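Q: Using the numbering used here, the final residue of the first sequence is 799, and nothing's skipped along the way.
By construction, these hints were calculated from the structure, which means they are not laboratory data. Be aware that one or more of the hints could be misleading.
[To be verified] Think about it this way: if two alpha-carbon atoms lie no more than 25 Å apart in a straight line, the pair counts; the simulated DSS-like pairs of lysine-lysine are:
1. K553 <-> K646
2. K646 <-> K662
3. K553 <-> K631
4. K682 <-> K646
5. K711 <-> K747
6. K646 <-> K608
7. K456 <-> K487
8. K713 <-> K631
9. K608 <-> K636
10. K754 <-> K682
11. K547 <-> K646
12. K556 <-> K636
13. K487 <-> K384
14. K777 <-> K718
15. K547 <-> K581
16. K503 <-> K456
17. K608 <-> K638
18. K384 <-> K456
19. K608 <-> K581
20. K770 <-> K711
21. K415 <-> K456
22. K503 <-> K551
Since we're looking at a predicted model, the values are computed, not measured.
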Amino acid sequence: MRFAPSPTGGLHLGGVRTALFNYLFAKQHGGDFILRVEDTDQTRFVPGAEEYINDCLDWCGILPDESPSKPAAFGPYRQSERKASYRRFAEELIESGYAYYAFDTAEELEEQRKVHPNFRYSHENRLNLRNSLSFNTEQTNSLLAAGTPHTIRIKIPTEQTVYFEDMIRGAVTFDTNLIDDKVLLKADGMPTYHLAVVVDDKAMEISHVFRGEEWLPSAPVHILLWEYLGWKEQMPNWAHLPLILKPDGKGKLSKRDGDRLGFPVYAMNWTDPKTGDLTKGFRETGFLPEAFVNMLATLGWNDGTEKELFTMAELIAAFSVERISKAGAKYDFEKAKWYNHEWMKATPNAELLPQVEAIFKQHELELPSQPYLNDILSLVKERMTFVEDFWQQASFFFVQPEELDLNAIKGKWNADKTAFFEELTAEFESLSQWNAEDLGAFFKEKVASSGMKIGELMMPFRIMLVGGKFGPDVFKIAELLGKKGVIDRVAYALGLLQ
RNA sequence: GGCCCGUUCGUCUAGGGGUUAGGACGUUAGAUUUUCAUUCUAGAAACAGGGGUUCGAUUCCCCUACGGGCUACCA
Numbered sequence: 302m303r304f305a306p307s308p309t310g311g312l313h314l315g316g317v318r319t320a321l322f323n324y325l326f327a328k329q330h331g332g333d334f335i336l337r338v339e340d341t342d343q344t345r346f347v348p349g350a351e352e353y354i355n356d357c358l359d360w361c362g363i364l365p366d367e368s369p370s371k372p373a374a375f376g377p378y379r380q381s382e383r384k385a386s387y388r389r390f391a392e393e394l395i396e397s398g399y400a401y402y403a404f405d406t407a408e409e410l411e412e413q414r415k416v417h418p419n420f421r422y423s424h425e426n427r428l429n430l431r432n433s434l435s436f437n438t439e440q441t442n443s444l445l446a447a448g449t450p451h452t453i454r455i456k457i458p459t460e461q462t463v464y465f466e467d468m469i470r471g472a473v474t475f476d477t478n479l480i481d482d483k484v485l486l487k488a489d490g491m492p493t494y495h496l497a498v499v500v501d502d503k504a505m506e507i508s509h510v511f512r513g514e515e516w517l518p519s520a521p522v523h524i525l526l527w528e529y530l531g532w533k534e535q536m537p538n539w540a541h542l543p544l545i546l547k548p549d550g551k552g553k554l555s556k557r558d559g560d561r562l563g564f565p566v567y568a569m570n571w572t573d574p575k576t577g578d579l580t581k582g583f584r585e586t587g588f589l590p591e592a593f594v595n596m597l598a599t600l601g602w603n604d605g606t607e608k609e610l611f612t613m614a615e616l617i618a619a620f621s622v623e624r625i626s627k628a629g630a631k632y633d634f635e636k637a638k639w640y641n642h643e644w645m646k647a648t649p650n651a652e653l654l655p656q657v658e659a660i661f662k663q664h665e666l667e668l669p670s671q672p673y674l675n676d677i678l679s680l681v682k683e684r685m686t687f688v689e690d691f692w693q694q695a696s697f698f699f700v701q702p703e704e705l706d707l708n709a710i711k712g713k714w715n716a717d718k719t720a721f722f723e724e725l726t727a728e729f730e731s732l733s734q735w736n737a738e739d740l741g742a743f744f745k746e747k748v749a750s751s752g753m754k755i756g757e758l759m760m761p762f763r764i765m766l767v768g769g770k771f772g773p774d775v776f777k778i779a780e781l782l783g784k785k786g787v788i789d790r791v792a793y794a795l796g797l798l799q
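All chains should be modelled from the sequences, with the hints used to inform the complete structure.
A: Here it is as structure tokens:
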């Protein structure tokens with residue numbers, strides 16, 4: 302068995318999900334995994350896209366089979382390199398009466414659409430248009446001999462019902478009277494997607510096609526093509542996946558929605574080589590690949606239990622195409638963040654540390670020692686949704702805050718409090734133990750003997766160390782900051798309070 | 001307009017002829033944390049509508065409505 306995710310899979314959330322489902326299915330059934338990259342239209346082909354898609358899938362942990370049973374000869378194919386082959390099959394269809402040459406220019410057809418708003422190139426009007434069905438053999442041959450630009454169109458039959466069994470939707474039927482004669486080969490000699498998928502899937506011996514629901518209406522054309530080319534027996538199974546929709550409003554999720562609503566829609570940063578526009582990726586937004594994959598897999602699929610957190614191995618074991626839902630899903634970035642938070646907590650520090658260290662580079666700071674960093678990460682990890690949050694949560698450990706939120710304490714400040722902190726730090730000097738527990742006990746004892754309330758002194762202490770009303774346990778912070786750090790910060794704050 | 005696909009809390013979904021219609025995100029309240037966040041507990045919140053079939057429909061069938069997709073020499 303071989304599997305092929307949709308052609309542009311990798312760029313967009315939906316595309317990555319298609320590839321993921323494809324991968325899970327292939328892993329379960331022992332199939333090779335092929336990434337099918339198609340560049341049917343050279344003007345649309347984007348340099349670097351193929352490598353980018355591979356990098357995205359690699360980051361997600363979706364990897365082509367390392368030892369495919371039939372490697373080189375089985376693609377992935379570049380359509381621009383296989384022009385002759387597509388032409389040959391298109392002409393074969395003409396010979397067998399399933400297709401025809403069409404000489405109408407794009408402009409002529411456009412004109413038709415202006416006059417007849419519901420214009421379709423079909424059995425209803427094909428004999429009134431300029432093609433090898435309405436012309437006699439002589440006319441056609443002379444046009445061909447003169448090198449007249451032309452397309453090749455499929456001749457859709459009348460009065461037939463195309464039926465197929467979709468792995469997700471079950472029986473789907475189409476009335477051929479309502480299907481138009483799609484272009485198979487364009488005037489420039491390149492195939493359209495319709496011809497290309499069929500020819501390539503045959504050549505690659507694809508057994509299962511996973512693609513988005515937007516392809517459902519063209520499925521009958523593909524099925525007819527498999528039949529007319531004489532390959533009916535080898536036709537793959539189809540699975541049309543539900544679409545991922547905009548969180549608000551209407552329609553499919555697009556990369557513009559991400560920009561507009563402030564979340565990524567691509568797996569990784571992508572810079573369009575033509576426009577230079579950057580589209581932000583989940584990786585660069587701070588998502589862990591495990592969380593990204595988990596979030597994608599549970600968008601439109603579940604295992605029937607209440608389990609929501611899955612590793613890749615668990616997904617491979619639990620996945621089934623039948624349990625993919627049929628309806629489109631509005632994308633919810635809040636839930637995506639929750640997945641990342643859960644995975645952040647589940648990921649060992651050692652794996653997070655390299656990314657945390659990168660933050661120090663960004664801020665051009667000297668890297669603290671690993672054990673120290675590790676302790677701090679443990680302390681703030683569960684408060685973080687993204688690795689980037691580390692800075693917001695813990696930067697005060699490494700940089701003494703210059704701006705302190707003094708407003709919170711200034712109003713009630715008095716000489717007694719100044720005295721309290723001066724004495725406190727003096728006594729710190731002689732403390733032999735320096736850990737959160739002892740510090741807390743010492744602090745409380747000291748407060749009690751001062752006659753003041755603990756609530757009046759805890760907050761000032763926190764603000765002196767952290768700079769604001771946030772952060773983990775004060776004494777934990779004090780412990781990690783070290784004796785000298787604490788004494789310095791209290792002195793600094795006292796100076797500001799004078 | 002035509003065709004195809006779909007429709008359970010705001011969102012993602014479980015369920016499936018007889019259920020207190022379950023979970024998660026979000027939200028609200030309370031507890032913990034003498035901060036903030038986390039965490040915990042509790043609450044509000046859904047079967048699109050109408051016809052059948054049936055003793056009984058959220059579940060099966062039909063219609064309508066709504067949503068989405070496609071309707072290019074784009075994929």
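Q: All hints, please: hold or fail.
A: Here's how the hints hold up against the structure:
no.	hint	verdict
1	K553 <-> K646	32 Å, violated
2	K646 <-> K662	24 Å, holds
3	K553 <-> K631	9 Å, holds
4	K682 <-> K646	7 Å, holds
5	K711 <-> K747	21 Å, holds
6	K646 <-> K608	17 Å, holds
7	K456 <-> K487	15 Å, holds
8	K713 <-> K631	51 Å, violated
9	K608 <-> K636	15 Å, holds
10	K754 <-> K682	32 Å, violated
11	K547 <-> K646	29 Å, violated
12	K556 <-> K636	19 Å, holds
13	K487 <-> K384	11 Å, holds
14	K777 <-> K718	22 Å, holds
15	K547 <-> K581	17 Å, holds
16	K503 <-> K456	21 Å, holds
17	K608 <-> K638	17 Å, holds
18	K384 <-> K456	21 Å, holds
19	K608 <-> K581	30 Å, violated
20	K770 <-> K711	14 Å, holds
21	K415 <-> K456	24 Å, holds
22	K503 <-> K551	36 Å, violated
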